[in-house]
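Protein chains in written order, with our numbering: chain A, 2 to 328; chain B, 2 to 328; chain C, 2 to 328; chain D, 2 to 328.
Since the hints were derived computationally from the structure, they do not count as laboratory data.
Heads up, some of the hints might be wrong.
What the hints assert, rightly or not - Distance ranges between label pairs, derived from CB positions: (1) A:E50 <-> B:T328: 44 to 54 Å; (2) B:L296 <-> A:N117: 45 to 55 Å; (3) D:K7 <-> B:G108: 47 to 57 Å; (4) D:G108 <-> A:F236: 21 to 31 Å; (5) A:L296 <-> B:T136: 44 to 54 Å; (6) B:T328 <-> C:K314: 49 to 59 Å.
All figures in this text were calculated on a predicted structure; none of them were measured in a lab.
Each residue gets a CB set at the ideal place from its N, CA and C atoms; glycine is no exception.
Protein chains: 4
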Amino acid sequence: MSKIKKIGVMTSGGDSPGMNAAIRSVVRTCAFYKIECAGIYRGYQGMIEGDFISLDARSVKGIINKGGTFLKSARSNEFRTKEGRQKAYDALIAANIDALVVIGGDGTFTGALIFNQEFNFPVMGIPGTIDNDITGTSHTLGYDTTLNTVVDVIDKIRDTASSHNRLFFVEVMGRDVGHIALNAGVGAGAEEILIPEEDLGLDRLLESLKRSKESGKSSSIVVVAEGDKIGKNVFELKDYVEENLPEYEVRVSVLGHMQRGGSPSCFDRVLASRMGVKAVESLLEGQSNLMVGLLNEKMSVTPLDKAIKGQSKINKELIRVSDIMST
Amino acid sequence: MSKIKKIGVMTSGGDSPGMNAAIRSVVRTCAFYKIECAGIYRGYQGMIEGDFISLDARSVKGIINKGGTFLKSARSNEFRTKEGRQKAYDALIAANIDALVVIGGDGTFTGALIFNQEFNFPVMGIPGTIDNDITGTSHTLGYDTTLNTVVDVIDKIRDTASSHNRLFFVEVMGRDVGHIALNAGVGAGAEEILIPEEDLGLDRLLESLKRSKESGKSSSIVVVAEGDKIGKNVFELKDYVEENLPEYEVRVSVLGHMQRGGSPSCFDRVLASRMGVKAVESLLEGQSNLMVGLLNEKMSVTPLDKAIKGQSKINKELIRVSDIMST
Amino acid sequence: MSKIKKIGVMTSGGDSPGMNAAIRSVVRTCAFYKIECAGIYRGYQGMIEGDFISLDARSVKGIINKGGTFLKSARSNEFRTKEGRQKAYDALIAANIDALVVIGGDGTFTGALIFNQEFNFPVMGIPGTIDNDITGTSHTLGYDTTLNTVVDVIDKIRDTASSHNRLFFVEVMGRDVGHIALNAGVGAGAEEILIPEEDLGLDRLLESLKRSKESGKSSSIVVVAEGDKIGKNVFELKDYVEENLPEYEVRVSVLGHMQRGGSPSCFDRVLASRMGVKAVESLLEGQSNLMVGLLNEKMSVTPLDKAIKGQSKINKELIRVSDIMST
Amino acid sequence: MSKIKKIGVMTSGGDSPGMNAAIRSVVRTCAFYKIECAGIYRGYQGMIEGDFISLDARSVKGIINKGGTFLKSARSNEFRTKEGRQKAYDALIAANIDALVVIGGDGTFTGALIFNQEFNFPVMGIPGTIDNDITGTSHTLGYDTTLNTVVDVIDKIRDTASSHNRLFFVEVMGRDVGHIALNAGVGAGAEEILIPEEDLGLDRLLESLKRSKESGKSSSIVVVAEGDKIGKNVFELKDYVEENLPEYEVRVSVLGHMQRGGSPSCFDRVLASRMGVKAVESLLEGQSNLMVGLLNEKMSVTPLDKAIKGQSKINKELIRVSDIMST
C-alpha cells in the first residue's frame, strides 16, 4: 500500500486551457482518497520558494470552465541549478508533500525527471500544452480548445476576406510542429497550409494561389505555422506574393496569445478530469516517472523520458485530405 | 479500376453539426478524382422524387462552418416499401448516379443496406448523429459540437444557480444512450448524472444531494439524459426532490433542439473532411456496404450491418471519474 | 461635503449578467474616493443577518466578465416586516455602513424605498434585470447580454428547423413585457412574435403561418414571450397549430434559465461600470432615493418611486419593423 | 406620391457585421411596399459595371446572422471620375433603378452625395462601419458586434496574462477615433487605454504601470487604438516599457481584421432592420441625401453632408469611468 499522504500539484511552462480543470481533478481525487493536496504557485519557482496553498474539494469549485491556471506558471532558472532543486526538495519536505503531479510540456517533464533522479521523489506528469507535441498521448490538454479558438477567428477573418476578395495569411502557433495549423487549417477550409514538417515550396504556393484565382475562388485563407518550412514569416510571404501575384490584395493576421486562452472545450475538460484521476491513482499505486495520456481513446501511461524524447508526428493522411479539400 | 462516374450524396435522419462539412468533402473529393457528384435533397424521400442537384467544388464553398444540412433531411415512409425503393432506384439510374454516400444514423444505414441488397447499388455510410451511438467509430459527426453546446449552456445555468443557491435538473438528449449526459455532465462539473445505462436509484440521488448540501455546496446541477434509468422525467424528479429535500429550491431546464444546431467544432469539421474522402475513395476502390469511422484515431471502415447491430458502450471509467469529481 | 464613510453594496431579485461588473464598479469607485465598501451577501436577507464582507479594489479583480453575482441574491420575507428591517438597520449601523447601493429590479427598489423612509438611510438603485422593464433607463443591466444569448440559441434552432422544414415555437422570458421577445425575435429573423402587449390573435397567427408556407418558406420560428397576450402557452400553441395546419410539423423549445447567465456583453460591462460610478458619486453628493439610468445615451437619475411606478413601453416602431421583415 | 419603382442597394468601404442584415431589411421593405429591389455587387465599381442582381424577399433568407456582405465591397477609383459616375448612372437607368440605398461610411456617403448632385438621383445612406465615427447616429452598424469580439479576445488574452503575470499591449482598430479602444478597454477591464483623442503621455503610462505593480496587480492589459496620440505603435511601446520598467514582461497582440467579422450581435441585427425600413420609407416619401441613424434611441435622419463633415466625439464621462476603474 502507498504511504503517500500529501500530493503537490503545479502548472509550469506555457499555460493552456484545461489546466484549471486538471488541478481540480487532482485535488478532488486526493479528497476522494482522503489524502491531502497542496497547490504549488508559479511552477518550479514557487516550489523553491515554498509558495504553497492547501486545497480541498471546495477550493476548486467553479474553475473547471476557466482558462489559464489559477496556480500560475513561471520560468525558473534557479530550478536548473542543483542548489535550486535542493531548496525545492527542502520546501516540499517541510510542507510534508511526498509526491508531485506536474502539469505542463516537455520542459516541465524534464525538470520533473531530474528532480526524481536526484531525490527519488515520486512524480507524475499531465501533458498540458496547446501544441499537441508530446508523444504518449493523442491529445494534450488545451489543444482541442485552441483549435476551436483558431477556427472561430478564421471564420471571422473569412467574412471580411470574402467581402473584399482578399487573400489572408493567418499565422498560428507552432514553432516546431504543425498540428494546430494543419487541423485548424482543414477545419477553417484554408486554401493552403504551411507547416514546419513539409516543404510545400514557394513555387507551389504561387501556383496554387494562381489556380485558385482562375478557378473562380474570390478569397483565400493561407494558414501558416510560426515555424513553417518555407522559412519566411507571414509578412515576408505577403510581400513575396504581392510581388509575384499582383492580382491579389494580401492581408496578414497574427493570432498570437489569444490562442492560449478561453474556456476549455468539453473535450479538454473531460480529458483533464480523467488525467487528474489517473495521475493521482498512479502515485497511490506506487508508480512514478510516468506521464498520463490518452491512447486509443483510453487512459494510459508512458515513461516520462519516452514522452520527452519522442517526436509527435504530423498526420500524413490529413495533409492529403487538406490537398483534396482545396481542389 | 472503378467504373463509378457519378456519386450521389444525401443526409437523412436527425441533422447534426458537421453534415454540411461532410457533404462538402464528398463533393470536393469527387472533383479531385474528376467524377461527378449530385446532391440528393431530403434524404430517401428526395431520392424517390428525383430531387437532385449537380454539385461541383465551388457549390460547396462557405458551408464547412454551417450547422444543419443544406441538402435537408426528411423521413420517408415510402422508402420503407418495395415500390418506393424501386422509384428511388429508377430516379438514380435516370440521373446516371451509380453510387451513394449516405450521411446519418442507424435508420439511414438500414435503408442503405436494404437498397444495396435489392439493387446491388454501391453504398457507403458516414455516421452523422449527435448521440454517438454507432459502433465502428469512436465519434459520430456532430457529437463533439453538441457536447460543447451543452457545457456552454450549463455554464450559463450555473451562473444563475450559484447566484441563488439552487438545484437544477438539466435534461439533455439521449433516449437510449448516455454519452452526451455523461461527457457534458463531467465537462460541466455536474454533481450527479443520470443516464439510461445505469440505475443510480432515487435513494442514492437524494443521499448525494443531501451530502452535497451538508458539505457546503451552495448550488447543484444534475444532468439527466432523456431516457434515464430512474424512469422519471425531469419534472417528476423536481417534484420528488422538492418533496423529500425541502431545503432545496429546484428548477428544471430542458435543452431540447438547440443541441442539434450551431457551427461545428474544429474536431467535427476535420472529422467530416476525413470521412468524406474515405467514403468516396472506398467507393472508387470498388467497396460497398461499409461505414467509415474513426477508430484509434485512424480512418477505418466497418460493415454497415455490424454498425447497425452493434451497441455503443458507455465509458465505465468516465462514470468512475464522474463519481470522484463530485466528491 | 458628504459624511459618507462606508457604502454597502448588494444584489437582489433575479440575477442578471453585469451584476458582478456593477459591484466591481461600486467597489472601485469607493476606493477611488478613499471610502470603505462592504459587500452584502444574499440581498436583504444577508443584510438582516449582517452577512457582510469588506471589499477593496483588488477583491473585485477578474469578475467584470463573470455572469451571475458573487454576492448572491435571495428573497427575504423577513425584510417585508418592520422587525426584519429594524434588524437590517441595526446590522448596517453595527458595521458602520452609512449608505447603500442596491442592484436589482422593481422589488429591490421598493424595499430600498421603504427602508429609506423608515430609517432615513441613503440609498441608490442600479437597475439590474434582464427584462428591461424599468422606467428611467433605456437599458437595464443584463438585457443586452440576454438578447445575444437568445439570438444565438435561436440561430442554432434554425439550423435544425430549416434542415427538417419545421415550425418552432420558442418561449423566451417576459411575463409582463415583451422586450426580449420582440428584440430577439427581430434579431433572429422570427416569422411571428407573440408578446404580452399586443393581441395578434390566433386567427392572424394561423393566417400568417399559412401564407408563410405558401410563399415558399420552408421553416419558421415563432418567438413567444412567457406572458403572451394570446393566453396560450407554447405547448398549447403547438397543439392548436398542428390541429389547424396539419401541413406543419411543430416543435417547442423553452429557453428557460440559461437566458440569465453568461459572460456580459461589452455593452453591459460598460453600462455597469458607468452606473456604479454614478451611484457612488450621487451618494457622495448627498443624494438618495434615486435610480441611475441611461437616458439618451447619457447617465441620469430618476426618483426610485417613479422608476417603480413607471411602465416600460414596447417599441411600436419595432413591431412595425417586425411585420415588414416577415413579408 | 412616390414614383420610385426599383431601389438599388449596395455596400461599400470596409465591411462590418450587420451589413447583410441591412441589405435584407432593404429588400424586404421593398417587397412589403411591392416595389422592386436590385442588389449592386462590389459597391460603386459594380454599379459602373452594371453588376446587378434582382432580389426578392426569399433571396435574403438566412443572412441576418451572417458577417460580411454577400454583395461584397470594393474600392473604385473609376467612380472618382466624372466618366465613371456617368457609366454608373447609365447602368442604373438601363436597369430601371431609380433610387439608391448605400451602406457604408464617410467615403461611401461622399460618393453618394456627388452622384446625387450630378444626376439628381435619390440616395439614402445607412452608416455601416465598425469605427462608430459618423455624426448623426449614436451607433453605426457593426460597432456593437466589434466591441463584443474585442472583449472576448481580451478575456482570452487575460487568461494567459494572469497565468504568467505579464503585461499585454493589445492593439485594436481606430486610426482617428478611440471609440472601440475606450469602450472595449473599459469592458475588458484594461488598466490603461490609449486613444487618438487624448494624450495620456508616456510618463503617465509608466507611472500608472509602476503603481499598478506596486498595488499588487499581477498582470495588466493596455488597450491601444491604432492611432493613439502617444504616437508610438504597440511594438515601440513594448520596447519603451521594457526598457524603463524591467520588472515587466511585455507581450503584444494586434487584433487586426478579425474585428470586422463574425455574426452580428442582436443589437446590430435589430438596428440594421430598423435602418433598412427607414431608408426605404424615406425614399418612398420623396426624401433624398439623408443618412438614417439612431438618435436618443429613435430612428432619425441627418443630411448626408452633415454626417460627412461632423466629428464623432469621444465620451469624456467614459474616460473618467475608465480612470476610476483602474484605481
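Hint-by-hint comparison with the structure:
no.	hint	result
1	A:E50 <-> B:T328: 44 to 54 Å	30 Å, violated
2	B:L296 <-> A:N117: 45 to 55 Å	35 Å, violated
3	D:K7 <-> B:G108: 47 to 57 Å	49 Å, holds
4	D:G108 <-> A:F236: 21 to 31 Å	27 Å, holds
5	A:L296 <-> B:T136: 44 to 54 Å	20 Å, violated
6	B:T328 <-> C:K314: 49 to 59 Å	52 Å, holds
The structure fails to meet hints 1, 2, 5 from the earlier list, while all remaining hints are met.
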